[in-house]
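2 protein chains.
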Amino acid sequence: MALLVVGSIALDSVETPFDKIDEALGGSATYISLAASYFSSPVELVGVVGSDFPKNYIEMLEEHNVDLEGMQIIEGEKTFRWGGKYHYDLNVRDTLFTELNAFQNFNPVLPDRYKKARYVCLGNIDPILQMKVLDQVENPQLVVCDTMNLWINTMKQDLLKLLKSVNVFILNDSEARMLTEEPNLIKAAKLIRQMGPEILIIKKGEHGALLFTQDTIFSAPAYPMEIIFDPTGAGDSFAGGFIGYLHQTRELSPENIKRAVIYGSTMASFCVEKFSTKGLEDLSYLQIQDRFREFKKLSSFDETI
Amino acid sequence: MALLVVGSIALDSVETPFDKIDEALGGSATYISLAASYFSSPVELVGVVGSDFPKNYIEMLEEHNVDLEGMQIIEGEKTFRWGGKYHYDLNVRDTLFTELNAFQNFNPVLPDRYKKARYVCLGNIDPILQMKVLDQVENPQLVVCDTMNLWINTMKQDLLKLLKSVNVFILNDSEARMLTEEPNLIKAAKLIRQMGPEILIIKKGEHGALLFTQDTIFSAPAYPMEIIFDPTGAGDSFAGGFIGYLHQTRELSPENIKRAVIYGSTMASFCVEKFSTKGLEDLSYLQIQDRFREFKKLSSFDETI
Numbered sequence: 001m002a003l004l005v006v007g008s009i010a011l012d013s014v015e016t017p018f019d020k021i022d023e024a025l026g027g028s029a030t031y032i033s034l035a036a037s038y039f040s041s042p043v044e045l046v047g048v049v050g051s052d053f054p055k056n057y058i059e060m061l062e063e064h065n066v067d068l069e070g071m072q073i074i075e076g077e078k079t080f081r082w083g084g085k086y087h088y089d090l091n092v093r094d095t096l097f098t099e100l101n102a103f104q105n106f107n108p109v110l111p112d113r114y115k116k117a118r119y120v121c122l123g124n125i126d127p128i129l130q131m132k133v134l135d136q137v138e139n140p141q142l143v144v145c146d147t148m149n150l151w152i153n154t155m156k157q158d159l160l161k162l163l164k165s166v167n168v169f170i171l172n173d174s175e176a177r178m179l180t181e182e183p184n185l186i187k188a189a190k191l192i193r194q195m196g197p198e199i200l201i202i203k204k205g206e207h208g209a210l211l212f213t214q215d216t217i218f219s220a221p222a223y224p225m226e227i228i229f230d231p232t233g234a235g236d237s238f239a240g241g242f243i244g245y246l247h248q249t250r251e252l253s254p255e256n257i258k259r260a261v262i263y264g265s266t267m268a269s270f271c272v273e274k275f276s277t278k279g280l281e282d283l284s285y286l287q288i289q290d291r292f293r294e295f296k297k298l299s300s301f302d303e304t305i
Numbered sequence: 306m307a308l309l310v311v312g313s314i315a316l317d318s319v320e321t322p323f324d325k326i327d328e329a330l331g332g333s334a335t336y337i338s339l340a341a342s343y344f345s346s347p348v349e350l351v352g353v354v355g356s357d358f359p360k361n362y363i364e365m366l367e368e369h370n371v372d373l374e375g376m377q378i379i380e381g382e383k384t385f386r387w388g389g390k391y392h393y394d395l396n397v398r399d400t401l402f403t404e405l406n407a408f409q410n411f412n413p414v415l416p417d418r419y420k421k422a423r424y425v426c427l428g429n430i431d432p433i434l435q436m437k438v439l440d441q442v443e444n445p446q447l448v449v450c451d452t453m454n455l456w457i458n459t460m461k462q463d464l465l466k467l468l469k470s471v472n473v474f475i476l477n478d479s480e481a482r483m484l485t486e487e488p489n490l491i492k493a494a495k496l497i498r499q500m501g502p503e504i505l506i507i508k509k510g511e512h513g514a515l516l517f518t519q520d521t522i523f524s525a526p527a528y529p530m531e532i533i534f535d536p537t538g539a540g541d542s543f544a545g546g547f548i549g550y551l552h553q554t555r556e557l558s559p560e561n562i563k564r565a566v567i568y569g570s571t572m573a574s575f576c577v578e579k580f581s582t583k584g585l586e587d588l589s590y591l592q593i594q595d596r597f598r599e600f601k602k603l604s605s606f607d608e609t610i
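Sequences listed follow chains A and B, in order. So the first sequence is numbered by my numbering: it starts at 1 and just counts up by one. So the second sequence is numbered by my numbering: it starts at 306 and just counts up by one.
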């Protein structure tokens, strides 16, 4: 019962008001796998890189028990590159460049043993690729899917088709509004759940996240941070912590899904404390538990004096 | 140990995507007093109206045990009027007109017995008037102050002076950013607490509210609402529920202040369900308790399976 992750693997060049980094490790599959690796092991990764992909990144992922048999290395190609710049308020980012490179003709083929995976995380890549991967999984028990505004704008029909096979859909508030053309998030959530996913998570950045199931709405707080070094990968880390915890505990009750949302938020909060994947590379069990308990403290109150 | 409330009393003409209402009861002092009246009684109101102020509004306030001795009625003057229009997403509102009328030369003079009040809520009016009221209170124990972007823009120095005498300051997220010129809310909160108020509440509308005390940050969820009929008065109702509960329980521990934030959120959620003050006019104890418990359910999770 392995956890399978598909998504992008990238070399990111990121500029924030605090610092600048060139060709650092990035990509949705990378962040998801690292975040999930603290809960479940091994994580089976499906993705593609070029022959220029640095060896030390491969070693670091392997040290986190990420299974890279499903990572294609295309000889003579370059790895997918993304460049972005965050502004002072960090909610706005400009994409400076996108070089698809090896990603352009990516045709995900799962190693045979990956096909037995029961937990599947479809990280943010185009919905046709997400579907191609899902189609190869023989008997998935829980399918988590993340996306972004780009695919809602350019591949909405493919995304809608995919959503019929998805159990948990994760997107942010502006994407939820965009997908449904409904400004009220609670109404938008209802509409999205009617598209297929029985469980919906709307991420709201500095305002936390909302979980919608059949009978429950759960509001998760955001971790209060004075400095966010690099928001890149926060959403992916959320998805990784979320599915990693569920895969570890193998319980899909509403109560456990709430905890998974908090573990997702926990991993996202570690992610943004450092540049690139650095915030996810060297965490201890105790650090994760401590932060989880801080989330508890942050949002709990007693009913009576 | 009475609860004293000062603020505006208005006739509001409001247009939303759902309906339109003309010259309905409004004003910060009105909403605060009504919301607080479910917890403490009597509420001593300080404000001003013209001789055109409808009798049935006076009767309704008196039925809620709001003490109107401090409400000046200026003969021959008209009551303060405000007109606003909300757009489809309800986060944007245009002020269509503001007629100060009786409010223009308002000189708040407290009846002698009001001066003994120990809990004071300075509703949203200009900071010089707020200070004038506070100066007349002999020995205030808890001073709660609300404000708005207008006063931050036009009377910042007066507001800063007032803040030195305030225990609890309530404002919304964009106002907090405006006041401090700091985009990060956690940093902005630190800066505002250095201006005087030991307790700070940042309201975030559909994203809930944040409470900052010396050692605690508390994140209160927003009540999930599919339809918000009229957002007018939500912030005032929050302040009224907050101080009303504290005045009722007379306990200023961090744990009780958290509960007060939830009671504030509870009253705000009732407020926006109907036009004008209608949502606050006919609530039962049970309705309030039920909604409080819904807030608890919305944000609580267990630490372990």
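Hints are computed from structural coordinates only; laboratory data are not their basis. Warning: the hint list may mix true and false statements.
To be verified - Label pairs and their in silico Cβ distance ranges:
1. B/Lys495 / A/Lys161: 42 to 50 Å
2. B/Asn412 / A/Pro254: 53 to 61 Å
3. A/Asp302 / B/Ile363: 53 to 61 Å
Glycine included, each C-beta is placed from N, C-alpha and C at the ideal position.
### C-beta pair B/Lys495, A/Lys161: status relative to the range 42 to 50 Å that was hinted
holds (48 Å)
### Query
Falls inside 53 to 61 Å, the C-beta gap from A/Asp302 to B/Ile363?
Given range 53 to 61 Å: violated, Cβ gap about 39 Å.
### Task
Indicate whether the distance between the beta carbons of B/Asn412 and A/Pro254 respects the range 53 to 61 Å.
This hint holds: roughly 57 Å between Cβ atoms.
Hint violations for this structure: number 3 only, all remaining hints satisfied.
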